[in-house]
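*Asks:* Letter by letter, the chains look like this.
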Amino acid sequence: MRTKLSYAAGLALLAASTIGFAGPSGGSISGKVTYQGTPARQKPIDMSKEPGCAQQHSTPITTETVVVGPGNALVNVIVYVSAGAADESSPPSQAVTITQKGCQYLPHVVPMVVNQELKVVNADTNSHNIHPLAKINHEWNKSQPPGTPPFSEKFEKPEFIPVKCNIHPWMHGEFAVLNNSHYAVSGEDGGFSLPNLPPGKYTITAWHESYGDQTQDVSISGNETKTINFVFKAKPY
Amino acid sequence: MRTNKSTKLLIVVTALLAAPVLASAQQMESHVGKVTGHSESGKQLFYRYCWGCHGFRGDGNGENWLAPGSWLEPYMNIQPRNFVAATFKCRSTTTGNLPTDQDLYNTLVRGVINSNMPSWITLTDQNRADLIAFIKTFSPRWKNDKPSDPINVPPETKLTVESIKHGKELFQKLECWKCHGQEGFGDGPSASTLTDSNDQPIRPYNFAVGSRFKCGVTNQDLYKIFITGLDGTPMPSFADVIKPEDAWDLVHFLRTLQVTHKSAELTLWGSTKEGAEQIASRKVSGTPTGSGIKQ
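As given, the protein sequences belong to chains A and B, one line each in that order.
Reminder that position 212 of the first sequence reads as 212 in this note's numbering, one-by-one numbering, no gaps.
Reminder that position 224 of the second sequence reads as 224 in this note's numbering, one-by-one numbering, no gaps.
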């Protein structure tokens, strides 16, 4: 009897909170992505075959398969809602942009929604070819000489797609084509934030290009901010 | 009689094994000229002629191809086409799109030079059309993709020395030499690090030792190669960055790199002082597949 009463009371409280705070912003999920262990050392890149790029870096940049920050922060992790949010039937009208500069992809990981416009920019004085190695989406490969205008493409199916330039073999990026726009990329401090989540049960996935993915389930009931953290096991190789 | 656990398991496993067979029993047609091909007829032909290299799954893992790193030296160093992935080199459609039936037919007739794909000129037109129809059953893309229009190849522009010289400028500007090398030997600065989309090493075309390309022999074929790009390889599409007249200029210049092949372009170029000097000084090196080119 007592359990039934407390259950009813709890339910009433839950209902009250949702009725009271059914605002447009909704709840949010935020947290930090960190690593444990020793990550593989990143190697400096020799750009001597492309002097125009080499001179843009006073010290050579390193590979970016694992990028870390202070406090064991793991950077460039895509944190997104993998279940619980409806697939977005029409993509955001805003394009996402990837820029080739200094023979590097900026940003290194580019999340986007299915069918969202992807703008490709060549900001260098030399040619690049942009070659997303898609297996589920169509694999295409386009040359982009310097001074030519940006071009647009889109991907029709969800997929994590490695991107490369064949002319410059050290160039590596990742496209993440996702079902909805609830995503974030962990920053220098490993932090991420997923705002504007209506009440519901969500599965949050954190994906790293070298360490794979992890999931956690989170329930949002109103306007609260729930905190979850992800810890990846770093490998020294 | 009570069905015991192992019988239940047997039924489930059989059902699961049967499922892919049922799925691939979808039937496709091909249309090449006046001939219509049917996949049911192509199936037997594929099993007889093709699966030794392309594999019975059509994924390029036939017994004549052994992936690098296997204990036995592979018989061929260029992997047969993976029809399941449905990414094709020789097409007349834009990058990322499927080839037309005619494209596949042309590849069957021509074979693929410098690889182990022979010319299937010994088969009949109907056989080849049937084979193409069967190839289309390996990937759902043939059913699901929107049909892609072939690119427009405009009439070739006049062959002049100016056209060849302009093509030479384009070869520099578009940085073709980065992979193909300044003399087209396939020894450019980026050539030794090239990999195809399966991470297998691959070399750029060496213009100096061949007269034919993987995807044809004519100037029109050459035009199509750099407009469509060779999907699955490092060769990108230049469709958005080159105008049709400029593309023909580039074709004319590329022919002058083929110093072992007597073409109208090479003859015209050789009749100029600059051209004659260049041709005389060219020491042909390397092989079509790139082995022997020093980096």
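Please keep in mind that the hints were generated in silico from the structure rather than gathered at the bench.
All residues carry an ideal CB built from backbone N, CA and C; glycine is no exception.
Any given hint could be a false lead.
Said to hold, decoys possible - Subject to a maximum C-alpha distance of 27 Å in a straight line, what follows is the list of computed BS3-like cross-link-like pairs (lysine-lysine):
1) A:Lys101 <-> B:Lys243
2) A:Lys119 <-> B:Lys173
3) A:Lys201 <-> A:Lys226
4) A:Lys49 <-> B:Lys283
5) A:Lys154 <-> A:Lys32
6) A:Lys154 <-> B:Lys8
7) B:Lys146 <-> A:Lys154
What the hints assert, rightly or not - Some residues of chain B that are not near chain A, with every Cβ distance over 12 Å (derived):
8) Lys43
9) Tyr49
10) Thr95
11) Asn97
12) Thr100
13) Met117
14) Ser148
15) Leu174
16) Pro189
17) Ser190
18) Thr195
19) Thr233
20) Pro234
21) Thr260
22) Leu268
23) Lys283
*Asks:* Each of the hints needs a verdict: does it hold here or not?
*Replies:* Tested hints:
1. Taking the CA atoms of A:Lys101 and B:Lys243, the gap is about 26 Å. The hint holds against a cut of 27 Å.
2. Proposed proximity of A:Lys119 and B:Lys173 is supported: the alpha carbons are some 23 Å apart, at most 27 Å.
3. Taken as a hint, the A:Lys201 and A:Lys226 pair is honoured in the structure, with Cα atoms around 12 Å apart against an allowance of 27 Å.
4. Straight-line distance between C-alpha atoms of A:Lys49 and B:Lys283 comes to about 24 Å, which keeps the hinted pair within the 27 Å bound.
5. A threshold of 27 Å between alpha carbons decides the hint, and for A:Lys154 with A:Lys32 the separation of about 30 Å lies outside it, so the pair is violated.
6. Between A:Lys154 and B:Lys8 the alpha-carbon distance is near 46 Å, which puts this suggested pair outside the 27 Å criterion.
7. Restraint check for B:Lys146 and A:Lys154: the C-alpha separation of about 15 Å stays at or below 27 Å, so the hint holds.
8. Distance to chain A confirms B:Lys43 as a non-interface residue, since its nearest Cβ pair spans about 26 Å, more than 12 Å.
9. For B:Tyr49, the requirement that its beta carbon stay farther than 12 Å from each beta carbon of chain A is met, with the minimum near 27 Å.
10. A beta-carbon of chain A comes within 12 Å of the beta-carbon of B:Thr95; the shortest separation is about 4 Å.
11. Some Cβ of chain A comes within 12 Å of the Cβ of B:Asn97; the nearest lies about 7 Å off, and the non-interface call is violated.
12. Distance to chain A confirms B:Thr100 as a non-interface residue, since its nearest Cβ pair spans about 16 Å, more than 12 Å.
13. Against chain A, the non-interface label of B:Met117 holds: every CB pair exceeds 12 Å, the least being about 20 Å.
14. Look at B:Ser148: its CB is around 10 Å from the nearest CB on chain A, not clear of 12 Å, so calling it non-interface is violated.
15. The Cβ of B:Leu174 does not lie farther than 12 Å from every Cβ of chain A; its closest approach is about 6 Å, which violates its non-interface assignment.
16. The beta carbon of B:Pro189 is not kept farther than 12 Å from every beta carbon of chain A, the shortest such distance being approximately 5 Å.
17. A beta-carbon of chain A is positioned within 12 Å of the beta-carbon of B:Ser190; the least distance is around 5 Å.
18. With 12 Å as the threshold on Cβ separation, the claim that B:Thr195 sits away from chain A is violated: the shortest Cβ distance comes to roughly 8 Å.
19. At roughly 8 Å, the least C-beta separation between B:Thr233 and chain A is not larger than 12 Å, which violates its mark as non-interface.
20. Distance check for B:Pro234 against chain A: the nearest CB is about 3 Å away, which does not clear 12 Å, and the non-interface claim fails.
21. Every Cβ of chain A is farther than 12 Å from the Cβ of B:Thr260; the closest lies at roughly 27 Å, confirming the non-interface assignment.
22. Against chain A, the non-interface label of B:Leu268 holds: every CB pair exceeds 12 Å, the least being about 27 Å.
23. For B:Lys283, the condition that its CB be more than 12 Å from all CB atoms of chain A holds, with the nearest at approximately 23 Å.
Consistency note: the structure conflicts with the earlier hints numbered 5, 6, 10, 11, 14, 15, 16, 17, 18, 19, 20.
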